[in-house]
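A.B. asks: Listed here are the chains, written in short residue letters.
Number of protein chains: 2
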Amino acid sequence: MAANVYVGLVHYPIYNKHEQVVATAITNFDIHDIARTTRTYGIATYFLIHPHEAQAQLANEIMEHWQQGGGAQYNPDRQEAFRVVEVAASIESTIAEIEKREGKRPRVVTTDARIFPNTVSYAKVREQISQGDEPVLLLFGTGWGIEKETMAAFDSILEPIYGPSDYNHLPVRAAVAIILDRLLGESWWTKA
Amino acid sequence: MAANVYVGLVHYPIYNKHEQVVATAITNFDIHDIARTTRTYGIATYFLIHPHEAQAQLANEIMEHWQQGGGAQYNPDRQEAFRVVEVAASIESTIAEIEKREGKRPRVVTTDARIFPNTVSYAKVREQISQGDEPVLLLFGTGWGIEKETMAAFDSILEPIYGPSDYNHLPVRAAVAIILDRLLGESWWTKA
Numbered sequence: 002m003a004a005n006v007y008v009g010l011v012h013y014p015i016y017n018k019h020e021q022v023v024a025t026a027i028t029n030f031d032i033h034d035i036a037r038t039t040r041t042y043g044i045a046t047y048f049l050i051h052p053h054e055a056q057a058q059l060a061n062e063i064m065e066h067w068q069q070g071g072g073a074q075y076n077p078d079r080q081e082a083f084r085v086v087e088v089a090a091s092i093e094s095t096i097a098e099i100e101k102r103e104g105k106r107p108r109v110v111t112t113d114a115r116i117f118p119n120t121v122s123y124a125k126v127r128e129q130i131s132q133g134d135e136p137v138l139l140l141f142g143t144g145w146g147i148e149k150e151t152m153a154a155f156d157s158i159l160e161p162i163y164g165p166s167d168y169n170h171l172p173v174r175a176a177v178a179i180i181l182d183r184l185l186g187e188s189w190w191t192k193a
Numbered sequence: 002m003a004a005n006v007y008v009g010l011v012h013y014p015i016y017n018k019h020e021q022v023v024a025t026a027i028t029n030f031d032i033h034d035i036a037r038t039t040r041t042y043g044i045a046t047y048f049l050i051h052p053h054e055a056q057a058q059l060a061n062e063i064m065e066h067w068q069q070g071g072g073a074q075y076n077p078d079r080q081e082a083f084r085v086v087e088v089a090a091s092i093e094s095t096i097a098e099i100e101k102r103e104g105k106r107p108r109v110v111t112t113d114a115r116i117f118p119n120t121v122s123y124a125k126v127r128e129q130i131s132q133g134d135e136p137v138l139l140l141f142g143t144g145w146g147i148e149k150e151t152m153a154a155f156d157s158i159l160e161p162i163y164g165p166s167d168y169n170h171l172p173v174r175a176a177v178a179i180i181l182d183r184l185l186g187e188s189w190w191t192k193a
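Protein sequence lines, in the order shown, are assigned to chains A and B. Numbering (our numbering) for the first sequence: 2 to 193. Numbering (our numbering) for the second sequence: 2 to 193.
A couple of the hints might just be wrong.
One copy or two, it doesn't matter: identical chains are merged, so the pair holds either way.
30 angstroms max Cα-Cα, derived DSBU-like pairs, lysine-lysine [to be verified]:
1) Lys18 <-> Lys149
2) Lys105 <-> Lys18
3) Lys105 <-> Lys192
4) Lys18 <-> Lys125
5) Lys18 <-> Lys192
6) Lys125 <-> Lys192
7) Lys149 <-> Lys192
8) Lys192 <-> Lys101
To be clear, the hints were calculated from the coordinates, so they are not data collected in a lab. No experiment lies behind these values; they were computed from the predicted model shown.
Build out the structure end to end from the sequences listed, making use of the hints.
C.D. replies: So this is what it looks like as structure tokens:
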């Protein structure tokens, strides 16, 4: 179990398509899909990181519907997935919360379509996670990516995901799924 | 490039939660997310498989908006992703269409949370694809899965995706992303 691995979906500070730094909207689909994926891979908590109180409120209302309202009876699997989701106001408060729970500041790992000086391989982070000595926070950006000075301050940046094509615009929901499978999935490539 | 690998999202025959066989609705999000993922992994065509003309029409209208309408200017990456999407009326007609294009019937591979007699490993299918001798059609179910006699007639069934938890309810959009990465992604585990 990945008891000390956390995921955060960052809604600020994010670039929009005009390279302005903005807060993006929380979407229903990012909550649902990423909750089910993080729950499958045994993630401790999936943090929706957003600075605005009204957006946090909206996310909590959606989750309450599926956890306590009509949704809980309609779809118990979804209720179960939502147990891992929490809302946080900033990247710093997410890190502080994990430090409080784990007694140790997490290694902050993110991913980007660009290469940075602190870029590391999937095999390396997989090994760090399997050793389990320190908590890990995997951050994913929304919109056109996390603001670049914020990125540079993280501990490690995972290499971009390349498919066998020149097109590289995976939805964040797909990127989370692929990256959790690479870091936490079974070693399928060793099975004939 | 995975020039002869195809993906189909099956909307009939599908189980609903009461184990009745139904046609599920095409969703906007399945079109968008899976188009971007299949385009990234170099898939030849992503078939939306649905027997009802009205649903096919709806899918085509959504795609036309993003390919020729206001959407094409707003988001050219999405326009590019949609080039790979087509609508087909049935699994059989999808297979026939691929056979017509490739001059050879495709190997039909699917995936399921259950284990079947024709279950195969990811490593095996990855090897078959890399040899490139025959076209491959990867089918994914919606709803509560593809009807079981239909499943049994396919050539191979990929093992379920296990994360390190007892919960196994990945969204189909996440399953497509993980499986394409396992079958067509770079060999990231060999990079230190």
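A.B. asks: Hints first: check each against the structure and report whether it holds.
C.D. replies: Okay, the hints, checked on the actual structure:
1. Lys18 <-> Lys149: within (14 angstroms within a copy, 45 angstroms between copies)
2. Lys105 <-> Lys18: The answer is neither: 36 angstroms in one copy and 43 angstroms across copies each exceed 30 angstroms.
3. Lys105 <-> Lys192: Between copies only: 29 angstroms across, 36 angstroms inside.
4. Lys18 <-> Lys125: neither (32 angstroms within a copy, 41 angstroms between copies)
5. Lys18 <-> Lys192: neither (43 angstroms within a copy, 33 angstroms between copies)
6. Lys125 <-> Lys192: The answer is both: 21 angstroms in one copy and 8 angstroms across copies each meet 30 angstroms.
7. Lys149 <-> Lys192: between (40 angstroms within a copy, 26 angstroms between copies)
8. Lys192 <-> Lys101: The answer is neither: 39 angstroms in one copy and 34 angstroms across copies each exceed 30 angstroms.
In this structure, the hints that do not hold are numbers 2, 4, 5, 8, in rising order.
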